[in-house]
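**Student:** Read off the chains here:
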Amino acid sequence: MVGDKWEQHGEDNRLRLLCSGDHEAFSWFVDKYKETVFLCCRRLGLREDEVEDVASETFMAAYKGLGRYSGRSELSTWLWSIAYRKGIDCLRRNRRERQLEDEQENEIAAGREDGPTVVTEGKETEQVVWEAVERLPRLWRVAVVLHYREEKAIADIAKIMDTRENTVKTYLFRGRQKLREMLSGALGEDCNAGK
Amino acid sequence: MLGRALRRHSEPVPADFTERMLRQARELDEQRIVSRVIWQGRLALAGTILVGIAAIVGIVALPGRIGAILRSVGTGFTDRGGALIDRFPQAVGAVRNEWQLYAVLAVLLGFAVYCLLDLLVGDRVKMA
Numbered sequence: 001m002v003g004d005k006w007e008q009h010g011e012d013n014r015l016r017l018l019c020s021g022d023h024e025a026f027s028w029f030v031d032k033y034k035e036t037v038f039l040c041c042r043r044l045g046l047r048e049d050e051v052e053d054v055a056s057e058t059f060m061a062a063y064k065g066l067g068r069y070s071g072r073s074e075l076s077t078w079l080w081s082i083a084y085r086k087g088i089d090c091l092r093r094n095r096r097e098r099q100l101e102d103e104q105e106n107e108i109a110a111g112r113e114d115g116p117t118v119v120t121e122g123k124e125t126e127q128v129v130w131e132a133v134e135r136l137p138r139l140w141r142v143a144v145v146l147h148y149r150e151e152k153a154i155a156d157i158a159k160i161m162d163t164r165e166n167t168v169k170t171y172l173f174r175g176r177q178k179l180r181e182m183l184s185g186a187l188g189e190d191c192n193a194g195k
Numbered sequence: 001m002l003g004r005a006l007r008r009h010s011e012p013v014p015a016d017f018t019e020r021m022l023r024q025a026r027e028l029d030e031q032r033i034v035s036r037v038i039w040q041g042r043l044a045l046a047g048t049i050l051v052g053i054a055a056i057v058g059i060v061a062l063p064g065r066i067g068a069i070l071r072s073v074g075t076g077f078t079d080r081g082g083a084l085i086d087r088f089p090q091a092v093g094a095v096r097n098e099w100q101l102y103a104v105l106a107v108l109l110g111f112a113v114y115c116l117l118d119l120l121v122g123d124r125v126k127m128a
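These protein sequence lines are chains S and W, in that order. Position one of the first sequence corresponds to residue 1 (the numbering used here), numbered consecutively onward. Position one of the second sequence corresponds to residue 1 (the numbering used here), numbered consecutively onward.
Hints listed in this document are in silico derivations from the structure and should not be mistaken for laboratory results. All values derive from a computational prediction rather than experimental measurement.
Label pairs and their computed distance ranges (CB to CB):
| # | chain 1 | residue 1 | chain 2 | residue 2 | range |
| --- | --- | --- | --- | --- | --- |
| 1 | W | L43 | S | F173 | 54 to 60 Å |
| 2 | S | S70 | W | T75 | 57 to 63 Å |
| 3 | S | R138 | W | V37 | 40 to 46 Å |
| 4 | W | V113 | S | E35 | 51 to 57 Å |
For every residue, glycine included, the Cβ atom is placed at its ideal position computed from N, Cα and C.
Let's have the full structure, built from the sequences with the hints guiding it.
**Tutor:** Below, the structure written as structure tokens:
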């Protein structure tokens, strides 16, 4: 398989081949980061048909821009920033259409929006946590996923989201607070047990 | 706990996504090659036209000097080509007559302008 073969190459060699437009290297690159890009698109709240389009646009933009990739930031950070920008562009493009959808959705979800998450029997803890994260406001959600799942530093998140580090800290602080509220009923003491 | 729970989540991705991206990358490369070839053609044509214009301007502005240069080139060919050029004395004689040279250059220039217009706006005219 292409992935296995490419994992054996050194990081520098892989990057060199990738930047030179090698198709096998690009295939490895897509395989490695496709989940990350889909994660970004979905957390931004794009519709499922938009998710795939934006993910494709992201990889094609990366393919065109790889020759200019300087290596100053991690490859995943660079790709996240492209995906984030493309996702935000897509949201802006379809703003009016989305506003109508959101209004309808808000009406339906009005009753359950801020209530604590309920653990149904047999539901895994991570699934409960994930569902709670999904209910956070868009930008808090992206910041939380970037920091806690992708393990990105605050400075990198600020770069990806094109904002100040203090703003990212605020998103994370509020996100954690909201999660604590939502999960307190469901997970009890566990949710205060650190990151 | 938050980090651990989030890291366990796996994001669903369409099964053939990598293949589709690879196909798009190949198509993009092909488009790049085609557009590069088209631009090379345009540049070559523009170069030909510029050289043609420069030759006509030179001949019109400095007929004596250009004539002398062409004659010396012709003589050079005659000297070097020897027997080959001797077979075509009439053709060599015609090139040495300046009015015929103008006529040939004008035809070439007209053809080059036609080609350039066809390349730049031909598609639009045909589609209309």
